[in-house]
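Novice: Chains as they are written, first to last, in this note's numbering: chain B, 86 to 355; chain D, 2 to 338.
Possibly wrong hints are sitting among the right ones.
Restraint ranges, calculated between C-beta atoms of paired labels, are given here [said to hold, decoys possible]:
(1) Gly126(B) - Arg159(D): 31 to 41 Å
(2) Asp295(D) - Gln340(B): 27 to 37 Å
(3) Gln143(B) - Val156(D): 27 to 37 Å
(4) Lys107(B) - Thr151(D): 24 to 34 Å
(5) Asn99(B) - Arg317(D): 54 to 64 Å
(6) Arg348(B) - Asp46(D): 10 to 20 Å
(7) Arg95(D) - Val118(B): 34 to 44 Å
(8) Gly64(D) - Pro199(B): 54 to 64 Å
Among chain D residues calculated to face chain B with C-beta under 7 Å, some are [what the hints assert, rightly or not]:
(9) Val78
(10) Tyr93
(11) Arg95
(12) Arg97
(13) Ile268
(14) Phe276
(15) Gly298
(16) Leu302
By construction, these hints were calculated from the structure, which means they are not laboratory data. All values reported here derive from a predicted model rather than from experimental measurement. Ideal Cβ placement from N, Cα and C applies to all residues, glycine included.
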Amino acid sequence: MTARHTDAGDAPRNAGYYHLSKAVLYREYLIFVRYPANAIGGIIVALFFFGVLFYGGQMVAGQALTDSIEGIIVGYFLWTLSVGAYSSISNDIGSEVQWGTLERHVMTPFGFAPVALLKGVAKIVRTFITSTIILAVMIGITGTTLELHLFTIVVIATLSIVSVLGLGLAAGGVTVLYKQIGNWLNLLQFGFIVLISAPAFDLGWLQFLPLAHGSALLQRAMIDGIRLWEFTPAEIALLVGVAAGYLVLGYAVFQYATRRARRLGVLGDY
Amino acid sequence: MIESVSEVSDGVGRSVPDSRNVAVAVDGLSKRFGDGEEAITAVNDVTFGIETGSIVGLLGPNGAGKTTLIKSILGMVLPDEGTVQIRGIDVYDRPREAYAYVDAMLEGARNDYWRLTVRENLRYFATISGVDPDSVSERHDRLLAQLGLTEKADVPVRELSRGMKQKVSLASVLAGGAEILFLDEPTLGLDIESSRTLQRELRRLVEEEGLTVILSSHGMDVVETVCDRVLIMSDGTVIADDTVDALLQGTDRHTIEIASSGLTGRIVSKLRTRFDTLSVEQLEPGARIELTTDSDGLYELMDRLRAEDVPLEHVRTVEPDLEDVFVGMTSLESGDR
Numbered sequence: 086m087t088a089r090h091t092d093a094g095d096a097p098r099n100a101g102y103y104h105l106s107k108a109v110l111y112r113e114y115l116i117f118v119r120y121p122a123n124a125i126g127g128i129i130v131a132l133f134f135f136g137v138l139f140y141g142g143q144m145v146a147g148q149a150l151t152d153s154i155e156g157i158i159v160g161y162f163l164w165t166l167s168v169g170a171y172s173s174i175s176n177d178i179g180s181e182v183q184w185g186t187l188e189r190h191v192m193t194p195f196g197f198a199p200v201a202l203l204k205g206v207a208k209i210v211r212t213f214i215t216s217t218i219i220l221a222v223m224i225g226i227t228g229t230t231l232e233l234h235l236f237t238i239v240v241i242a243t244l245s246i247v248s249v250l251g252l253g254l255a256a257g258g259v260t261v262l263y264k265q266i267g268n269w270l271n272l273l274q275f276g277f278i279v280l281i282s283a284p285a286f287d288l289g290w291l292q293f294l295p296l297a298h299g300s301a302l303l304q305r306a307m308i309d310g311i312r313l314w315e316f317t318p319a320e321i322a323l324l325v326g327v328a329a330g331y332l333v334l335g336y337a338v339f340q341y342a343t344r345r346a347r348r349l350g351v352l353g354d355y
Numbered sequence: 002m003i004e005s006v007s008e009v010s011d012g013v014g015r016s017v018p019d020s021r022n023v024a025v026a027v028d029g030l031s032k033r034f035g036d037g038e039e040a041i042t043a044v045n046d047v048t049f050g051i052e053t054g055s056i057v058g059l060l061g062p063n064g065a066g067k068t069t070l071i072k073s074i075l076g077m078v079l080p081d082e083g084t085v086q087i088r089g090i091d092v093y094d095r096p097r098e099a100y101a102y103v104d105a106m107l108e109g110a111r112n113d114y115w116r117l118t119v120r121e122n123l124r125y126f127a128t129i130s131g132v133d134p135d136s137v138s139e140r141h142d143r144l145l146a147q148l149g150l151t152e153k154a155d156v157p158v159r160e161l162s163r164g165m166k167q168k169v170s171l172a173s174v175l176a177g178g179a180e181i182l183f184l185d186e187p188t189l190g191l192d193i194e195s196s197r198t199l200q201r202e203l204r205r206l207v208e209e210e211g212l213t214v215i216l217s218s219h220g221m222d223v224v225e226t227v228c229d230r231v232l233i234m235s236d237g238t239v240i241a242d243d244t245v246d247a248l249l250q251g252t253d254r255h256t257i258e259i260a261s262s263g264l265t266g267r268i269v270s271k272l273r274t275r276f277d278t279l280s281v282e283q284l285e286p287g288a289r290i291e292l293t294t295d296s297d298g299l300y301e302l303m304d305r306l307r308a309e310d311v312p313l314e315h316v317r318t319v320e321p322d323l324e325d326v327f328v329g330m331t332s333l334e335s336g337d338r
């Protein structure tokens, strides 16, 4: 891949996607541990809103809320994951533009889209950590019991939010094209609440939207204790299909938008 | 020093760079922004080649099209017409292959992650540019030493001074060992000593390691000192493409300093309206005036002084430097005489 000059003592080797993944994840880890205030602040804000929802809901709805608290917790957990996945790429691109580092990621032999996707994945790993902490606290303060089969939860939650990652890629592409719109696109994350609640509406076509089908499976896994292999092949196929579909769609929008930005000469300009 | 890249005919009478030994070949590049009457031609039919192992300076006033040209060469901006080849690879058709040869510092000190340490930046950007950072760790140590950053290697970039950040930026661009570097204002914000160190380092990299550098700068002294060749742009076109020496010899631009007791305020005012005046110093009596002009202007100046009976008590011509050449060419191009 590389065509680099060498000098004394050097024996440069090509970096592959393994090295790229390691570098991107390690950078995310460094920032996470070196500047924990952002992550801690995010956890506190998320728990604050959950507290308002839980205690406020108890006052208004009483037993009705307590009866559905498991569903609320699972939904809230998936929502925090989704918000992290969605905003990871679009916010990251906005930050790279402001930092002046975007061009260097565009000008990589790996290609901009794979690098942006990997950076999104790194952010999702980080979001999994913070969302798990939020989940643990939610379970603790509500005294709820959930089925926590790690493998099932990780697989279903990951596939669920891959579709949102696709939306994030599309939003990231639009952010490259129209820089200031990035903040407005963040408002879309409140729409995820509707998608996560979709199984409750029992509308067939909703399952083809991001998150909806994944939310239904995650509810059954975490509340009813259903394991991954106990879902039907059709259910898993739909989950994978929705994830892949939105990821491909988001990738296509991202590629189109970045190409358009290059044509207009606005790539990297803020 | 390299005279110029050899050229061959493209068969229709136009010269294009010979692909042999050419690091970067730009052919017929044009870029317009906007439509209709409001369209702006940022780059207009630009053709040149850059020989491997040379430093080429890109000069031009603000709005001349330098940034658009560099970004077009790098594929950040897609041109309307023309091609760019890096090491014979078409940047627009096969960008990922072409990017294996290049790296760029386009944002000065804002070119790396300020929350990471200096060494972490070098490792990260080496990886991004396609090189396993473990395989070039010795190179990183050497770069840090050469740029005076060894003691700051484990300090987050945000804690460094502006000049240090600029050095880190350059180090991170060099970290992956790219063959061709694009540097936009690499010495901006550096003190004189740091700037000279960086210039020496650039020349060393070119002479010892065969790097090719395309450098855009407003610092004429930097360009004059380190560049083998200079491209001067104005209104989207390349109006000069030659070695520094050739440009200096070919200029018809003269800087002249005259001091006389006969230079009254009225005469000085009249001269200032006609000639590019660099400085005026009041004397008792008279004044000292320094101005630039071409040969015709020089004759006219003498005629005017004679007509006003100004005694030539002190006349000194100043050897033209690159700045004089630049001012002369760009003002001529814009019709501002």
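Novice: Give a verdict on every hint.
Specialist: Okay, the hints, checked on the actual structure:
1. Gly126(B) - Arg159(D): 31 to 41 Å: About 19 Å separates the Cβ atoms of Gly126(B) and Arg159(D), which means 31 to 41 Å is violated.
2. Asp295(D) - Gln340(B): 27 to 37 Å: Distance hint for Asp295(D), Gln340(B) is violated at roughly 52 Å.
3. Gln143(B) - Val156(D): 27 to 37 Å: 51 Å, violated
4. Lys107(B) - Thr151(D): 24 to 34 Å: For Thr151(D) against Lys107(B), whose Cβ atoms are near 25 Å apart, the range 24 to 34 Å holds.
5. Asn99(B) - Arg317(D): 54 to 64 Å: 60 Å, holds
6. Arg348(B) - Asp46(D): 10 to 20 Å: Given range 10 to 20 Å: holds, Cβ gap about 19 Å.
7. Arg95(D) - Val118(B): 34 to 44 Å: Holds, since Arg95(D) and Val118(B) (Cβ atoms, about 39 Å apart) stay within the stated range.
8. Gly64(D) - Pro199(B): 54 to 64 Å: 36 Å Cβ-Cβ, so the 54 to 64 Å window is violated.
9. Val78: Given a least distance of 4 Å, the restraint on Val78(D) holds.
10. Tyr93: Violated: closest Cβ of chain B sits about 9 Å from Tyr93(D), beyond 7 Å.
11. Arg95: Violated, about 11 Å.
12. Arg97: 5 Å, holds
13. Ile268: With a closest approach of 48 Å, the Ile268(D) hint is violated.
14. Phe276: 38 Å, violated
15. Gly298: This hint is violated: Gly298(D) lies away from chain B, its Cβ roughly 39 Å from the closest one there, beyond 7 Å.
16. Leu302: Hint violated; Leu302(D) Cβ to chain B Cβ min 44 Å, cut 7 Å.
This entry does not satisfy hints 1, 2, 3, 8, 10, 11, 13, 14, 15 and 16, going by the numbered hints stated previously.
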